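Number of protein chains: 2
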Amino acid sequence: MRSTEYTDQQEQIARIAKAMGHPARMRILNFLAAQDSCFFGDINEVLPIAKATVSQHLKELKDAGLIQGEIEGPKVRYCINRENWELASRLFRSFFKELKEKPTCCE
Amino acid sequence: MRSTEYTDQQEQIARIAKAMGHPARMRILNFLAAQDSCFFGDINEVLPIAKATVSQHLKELKDAGLIQGEIEGPKVRYCINRENWELASRLFRSFFKELKEKPTCCE
DNA sequence: AATATTGTTCGCAAATGTACGAACAATATT
DNA sequence: AATATTGTTCGTACATTTGCGAACAATATT
Chain W
298 MRSTEYTDQQ EQIARIAKAM GHPARMRILN FLAAQDSCFF GDINEVLPIA KATVSQHLKE
358 LKDAGLIQGE IEGPKVRYCI NRENWELASR LFRSFFKELK EKPTCCE
Chain A
298 MRSTEYTDQQ EQIARIAKAM GHPARMRILN FLAAQDSCFF GDINEVLPIA KATVSQHLKE
358 LKDAGLIQGE IEGPKVRYCI NRENWELASR LFRSFFKELK EKPTCCE
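Chains as they are written, first to last, in the numbering used here: chain W, 298 to 404; chain A, 298 to 404.
Hint data in this document are derived by calculation from the structure and do not stem from the laboratory.
Incorrect hints may have been included.
Treat identical chains as interchangeable: a pair holds within one or across any two.
Said to hold, decoys possible - Derived BS3-like pairs (lysine-lysine); straight-line CA-CA distance at most 25 angstroms:
{"id": "1", "residue 1": "Lys359", "residue 2": "Lys397"}
{"id": "2", "residue 1": "Lys315", "residue 2": "Lys394"}
{"id": "3", "residue 1": "Lys356", "residue 2": "Lys372"}
{"id": "4", "residue 1": "Lys315", "residue 2": "Lys359"}
{"id": "5", "residue 1": "Lys399", "residue 2": "Lys356"}
{"id": "6", "residue 1": "Lys356", "residue 2": "Lys394"}
{"id": "7", "residue 1": "Lys315", "residue 2": "Lys397"}
{"id": "8", "residue 1": "Lys348", "residue 2": "Lys315"}
{"id": "9", "residue 1": "Lys372", "residue 2": "Lys399"}
{"id": "10", "residue 1": "Lys348", "residue 2": "Lys399"}
{"id": "11", "residue 1": "Lys348", "residue 2": "Lys359"}
{"id": "12", "residue 1": "Lys359", "residue 2": "Lys399"}
{"id": "13", "residue 1": "Lys397", "residue 2": "Lys356"}
{"id": "14", "residue 1": "Lys315", "residue 2": "Lys356"}
{"id": "15", "residue 1": "Lys372", "residue 2": "Lys394"}
{"id": "16", "residue 1": "Lys397", "residue 2": "Lys348"}
Given the structure is predicted, the values throughout are model-derived calculations rather than measurements.
Please model the entire structure based on the sequences and the hints provided.
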């Protein structure tokens, strides 16, 4: 068939997975999911990389929709984007579920 | 604290997520999860890219542990690696679950 | 034995990702 | 007003990823 396009599902989950595809970004997500206070400085403190790089990673997570940030005085507060977090959760869940319906494969 | 290392959990899920972070590889996984016959040629047929590139993507998925391949005559049969698929499923599920235990964040 | 089929590997080009320090902008503090 | 704090953006360097065609290796077929 060789269709030129990928499905929205495939694009969507790939986009989220890609954002999760770096240990620094996973640590950020873990941290945000566990903490209530989540200023940039707090995040920066738990990562072994320069703040410029942390800022970049945060941008990628924000672009993927997994987090959001808002300015608060001179600081910036970052949070998990709960709506998209739920969406992502459902996407991955149903993706992995696909196989469970099949008894065996390739035999 | 600024630890130099990331946790095994973070490394592990990042590795899997990275492998899932491309629509072509998601299509491959979807295809393999749905099909019983899964020769290279079948996979190649449903992707809009050259076979050399398909082969590369398959290698990445194999290195990440999500699929496996075995030679069968002149053909190569690819399958989901069910054990690691289950592992990945659990990893993602518990990762996304983290947030559910917290009532609200950042307010 | 010669040829066809099936995938992988090689070599290359272009794009993207990762990381850093320096410079910058915006708000707080003195 | 001058200075300090907080993050982002810029410019750069290097590594990795993605993609392709050509060449290759291995098995099948004629």
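Hints, verified against the model:
1. Lys359 <-> Lys397: Between. Shortest inter-copy distance 20 angstroms satisfies the 25 angstroms Cα cut-off; intra-copy 32 angstroms does not.
2. Lys315 <-> Lys394: both (20 angstroms within a copy, 19 angstroms between copies)
3. Lys356 <-> Lys372: within (16 angstroms within a copy, 44 angstroms between copies)
4. Lys315 <-> Lys359: Both. Shortest intra-copy (13 angstroms) and inter-copy (17 angstroms) distances satisfy the 25 angstroms Cα cut-off.
5. Lys399 <-> Lys356: between (39 angstroms within a copy, 24 angstroms between copies)
6. Lys356 <-> Lys394: between (30 angstroms within a copy, 23 angstroms between copies)
7. Lys315 <-> Lys397: both (24 angstroms within a copy, 22 angstroms between copies)
8. Lys348 <-> Lys315: both (21 angstroms within a copy, 23 angstroms between copies)
9. Lys372 <-> Lys399: between (50 angstroms within a copy, 23 angstroms between copies)
10. Lys348 <-> Lys399: neither (46 angstroms within a copy, 27 angstroms between copies)
11. Lys348 <-> Lys359: within (16 angstroms within a copy, 34 angstroms between copies)
12. Lys359 <-> Lys399: between (36 angstroms within a copy, 20 angstroms between copies)
13. Lys397 <-> Lys356: Between copies, since 24 angstroms is at most 25 angstroms while 35 angstroms is not.
14. Lys315 <-> Lys356: Both, since 13 angstroms and 17 angstroms are each at most 25 angstroms.
15. Lys372 <-> Lys394: Classified as neither: same-chain Cα gap 41 angstroms, cross-chain 28 angstroms, threshold 25 angstroms.
16. Lys397 <-> Lys348: Close neither inside one copy (42 angstroms) nor across copies (29 angstroms); limit 25 angstroms.
In terms of the numbered hints stated before, the structure departs from hints 10, 15, 16, listed from lowest to highest.
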